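Asks: Turn these sequences into a full structure, and let the hints guide you.
In order, the protein sequences belong to chains L, P and S.
Residue 1 is where the first sequence starts when you use this note's numbering, and the numbers rise one by one after that.
Residue 1 is where the second sequence starts when you use this note's numbering, and the numbers rise one by one after that.
Residue 1 is where the third sequence starts when you use this note's numbering, and the numbers rise one by one after that.
Hints should not be assumed to be uniformly reliable.
Some chain S residues near chain L, calculated using beta-carbon distances under 7 Å [said to hold, decoys possible]:
{"id": "1", "residue": "V43"}
{"id": "2", "residue": "Y77"}
{"id": "3", "residue": "Y82"}
{"id": "4", "residue": "R85"}
{"id": "5", "residue": "R86"}
{"id": "6", "residue": "M90"}
{"id": "7", "residue": "G97"}
{"id": "8", "residue": "L98"}
{"id": "9", "residue": "L107"}
{"id": "10", "residue": "S136"}
{"id": "11", "residue": "A137"}
{"id": "12", "residue": "N139"}
{"id": "13", "residue": "F142"}
Straight line, CA to CA, 20 Å or less: simulated EDC-like cross-link-like pairs of lysine to aspartate or glutamate [what the hints assert, rightly or not]:
{"id": "14", "chain 1": "L", "residue 1": "K285", "chain 2": "S", "residue 2": "E127"}
{"id": "15", "chain 1": "S", "residue 1": "K33", "chain 2": "S", "residue 2": "E127"}
{"id": "16", "chain 1": "L", "residue 1": "K263", "chain 2": "P", "residue 2": "D276"}
{"id": "17", "chain 1": "S", "residue 1": "K134", "chain 2": "L", "residue 2": "E204"}
{"id": "18", "chain 1": "L", "residue 1": "K275", "chain 2": "P", "residue 2": "D117"}
{"id": "19", "chain 1": "L", "residue 1": "K263", "chain 2": "P", "residue 2": "D278"}
{"id": "20", "chain 1": "S", "residue 1": "K96", "chain 2": "L", "residue 2": "D228"}
{"id": "21", "chain 1": "L", "residue 1": "K284", "chain 2": "P", "residue 2": "D66"}
{"id": "22", "chain 1": "P", "residue 1": "K281", "chain 2": "L", "residue 2": "E104"}
{"id": "23", "chain 1": "P", "residue 1": "K143", "chain 2": "L", "residue 2": "D323"}
{"id": "24", "chain 1": "L", "residue 1": "K225", "chain 2": "L", "residue 2": "D323"}
{"id": "25", "chain 1": "L", "residue 1": "K25", "chain 2": "P", "residue 2": "D246"}
{"id": "26", "chain 1": "L", "residue 1": "K145", "chain 2": "L", "residue 2": "E104"}
{"id": "27", "chain 1": "L", "residue 1": "K27", "chain 2": "P", "residue 2": "E285"}
{"id": "28", "chain 1": "S", "residue 1": "K96", "chain 2": "L", "residue 2": "D323"}
{"id": "29", "chain 1": "L", "residue 1": "K211", "chain 2": "L", "residue 2": "E222"}
{"id": "30", "chain 1": "L", "residue 1": "K126", "chain 2": "P", "residue 2": "D157"}
{"id": "31", "chain 1": "S", "residue 1": "K96", "chain 2": "L", "residue 2": "D342"}
{"id": "32", "chain 1": "L", "residue 1": "K126", "chain 2": "P", "residue 2": "D139"}
{"id": "33", "chain 1": "L", "residue 1": "K39", "chain 2": "P", "residue 2": "D246"}
{"id": "34", "chain 1": "P", "residue 1": "K186", "chain 2": "P", "residue 2": "E23"}
{"id": "35", "chain 1": "P", "residue 1": "K219", "chain 2": "P", "residue 2": "D276"}
{"id": "36", "chain 1": "P", "residue 1": "K158", "chain 2": "P", "residue 2": "D168"}
{"id": "37", "chain 1": "L", "residue 1": "K225", "chain 2": "L", "residue 2": "E147"}
If you're looking for bench data, these hints aren't it; they were derived computationally from the structure.
Small disclaimer: the values here were computed from a predicted structure and weren't measured.
Ideal Cβ placement from N, Cα and C applies to all residues, glycine included.
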Amino acid sequence: MTKALKINKSTEQGILELLKFLLKKGKVKGIFTLKKINKDGSVAYSLITKPDELKYAVPFYPLMPVNAGKLLSRFSLKGSSSEPVAAVVRPCELRAFIELVKREQGSLENIFFISSTCGGVHPIDKSVDGTVEKNLSEYWDAVKKGEIPAELRPACRSCEEFIPYTADMTVDLIGNNIDKQCMIFLNTKNGEEIAKGMDGEFLEKEINKEKIDKLRGKREAEKKKLFDELEVKMNGMDGLIEIFGKCISCHGCMRVCPICYCKLCEFESSDSEYKPSNYESDLKKRGGLRVPPGTIYFQLGRLSHISISCVACGACDDVCPVDIPVAMIFKKVGESVQKMFDYIPGKDVEEDIPLVTFEKEEFAEVEE
Amino acid sequence: MSKPKDNLKSNGAVISAKTGTKESIINFLKKAMDKGVFDAVLVPMRVPAGDSFVYVLIKDKSLLKDVFPLPPVMSVQGAKAVSSVTRLGKGNMKIAAVMRPCETRATVELTKLGQTDLENITLISMDCPGVLPISDFLDDPNKGMKLFDDAAKKWDDKLMRPVCQICDKSSMVAGDIHIGTLGAKKDTFFIISNSQKGNDVLEKLAITLKENIDGWRAKVKNISEEKQKKRKKAHKDLKSEIGGLDNLLDTFSQCINCHNCMKVCPICYCRLCYFDSDKVKHPSEDYLQRAESKGSIRFLPDTLLFQTGRMMHMSYSCVSCGACEDACPVSIPVAQIFSMIADETQGLFDYVSGRDVEEPLPLIAYKEEELHEMEDAND
Amino acid sequence: MSKDEEFMPKILAFLCNWCSYAGADLAGTSRLKYPPSILPIRVMCSSRVDPLFIIKAYLGGADGVLVAGCHPGDCHYEKGNYYTRRRFVMLKEVVKGLGLEPERIRLSWISASEGNKYVEVTTEFTEKIKKLGKNSAKNKIFL
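Replies: Shown next as structure tokens:
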């Protein structure tokens, strides 16, 4: 059994009250959460320090403008947070941050993590044209029923990791009566401590496993479908060129990727630059070469760099201006790489990234 | 590019194009390669899936049949392609680079910024009807091809990108050779030389520049003036829409800090952008302090600092090519905003980006007696 | 000319200085015959081989890439080849996952005394690549 806090208000109200409580009681100095930042309803992550400003906060708005793992890394890159803060993040964002912490790109210290059983988010362009806002009630209806809301991003539709591993608090959204109650699981000592004094009923409870498993089943089916579709397209070198041919080399996928933390990407460094002599020798082989070259090299190389830690958050899909299904490709390859090492990225900060450690007796089969 | 003598510019050649302009341009390139004038050409080609066009450096002449000198989209700015080939040296190949006027202009700017070596490059530009927004084209590439072809024939810009609709330099000759289609008689086009290098190339191909091209010139002037009016109006409207801090914040409120606009910008050549560098990363105290002073800050902060900062860095060289807008995942009209600012900053110095490789960048030149009106200005 | 003679693959071999390169050397000084398809590159340790080297070689048109190092437990730097092995597992999954040809990359442990094994590995790998045929990436334009 896990400790839980039940607030007899809608989940939306309940969570806002909790956040307000944390700020007002001085339990935290600031709160990272999604917020409506202007009158036309644009939603962006914000760092809120005044309780009043929380009236514009929309903690579980079905949109991921930026992977919050990246934000928290920026926040704690130069040393752990000087004051306690709380961050309302999705499970994949939390996992991404853990992976970044393993790479010494941030610190967990002084950050309380409030996460949720996650219903998924819409593609970012659906926020630009206003459909996210318009379909909010349909979205929450589906989440309530434990279904996959319409028009979610492929990465979310097929996500099985929608329960956070290391959050201090988990707000239960999926399959829950969110209009009437706000159920918050207090997973850690910190979570319990910080919720002390909050108006509501403290009890012991478990997340409804049946509903979770049911949704996981649906998402698994969705994943299989999407992977099968991809499999057909990923047909040797020709298949890859068909998929990535239209890439405009903006490297947006890399820039928004929470795992890609390098200040200067290998593929933008002088190591990847072609000299005139490189062009000349390549032209002898091929007769012609795409300029700038390296589209496939970039994708393959980035996979070799980050597939071990890819949390399949889908940020790369959102940013791609030419609609290449980057996220699903990375998710597919990432999962198979991670499976080899029995590794779930972001599950446990103590667990080493598989590529920086080893067992003496393993993988004998790989040697030929 | 050595500066052309004035008489070079006055005339052109009329080329017969019975098989169509595209085929004739390909023939021209092929002939030049046959004669050894060029060892390779840099020109757009359709990708195997058919859903885009990218620059390809071609040495094998048999590939020329598949090239697409004036594709319906601009997926990579041509100046970036030229820079990729020559940034680290001029190499041993004589290369013809075939591109749109905004791409040759950006190449000229990059040359001033030390990012290309044009010694072995012959820049060939052509009259440009604009390009489709890349997302529109991707919705249905085959339909996009047809729509573009029709629109290009009629010189109708209403389906083109907004920044193309207000482009008054769509026939600006900035490279060595220009191919003119405006005002040409049926089944012909003009070839115009703009430099000694261009002259030499045409001479080797036995193309003599003795025809009068006043017709082309008049038509270009016409279109340019018409577009200039449209541009002024569009910029005025845009300014009232996005001007002022609140409107600006609204305009950029959806920005997700991906910096795609910077990455695809042909002028932004820095390997590590200032706005991705350590300079913009602060300790948590700083962020908290800023948040406390306002009650709440957007995180990541400094979206406007990035946008205005980038303007400071590159607006003098901005060619209004529109690459940034195509690459923006949240449909911010970046290119329109940047073209508006570019017109103003360049106008201050009577500078036109990409007009002439000999013209110094405004911020690295000065006159002792100038801009007094800015001193103690009280506006 | 038989078909096999027509196609002699180009195989890039990253050999670790302490074991596999010495093994290759032994094969040579023992006058053992091994295929001319192998283009050796000496590295100080098999773990010096960044997976990007292999990707680059593959996209550049190498028909095969061999990485060879000391047997596990024998690494001159104690643990380099353990890392190599993990990276190799990762890379193979990436290549497999994208529908490319994992058969074109190979990891082998060859010690300084195993001139014979060097000959076996290179001969066998060459035969395998011959059967696979040319690497189609070699003449692709849109890479």
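Asks: List in ascending order the numbers of the hints, as given earlier, that are violated by the structure.
Replies: 1, 2, 14, 17, 25, 26, 28, 30, 35
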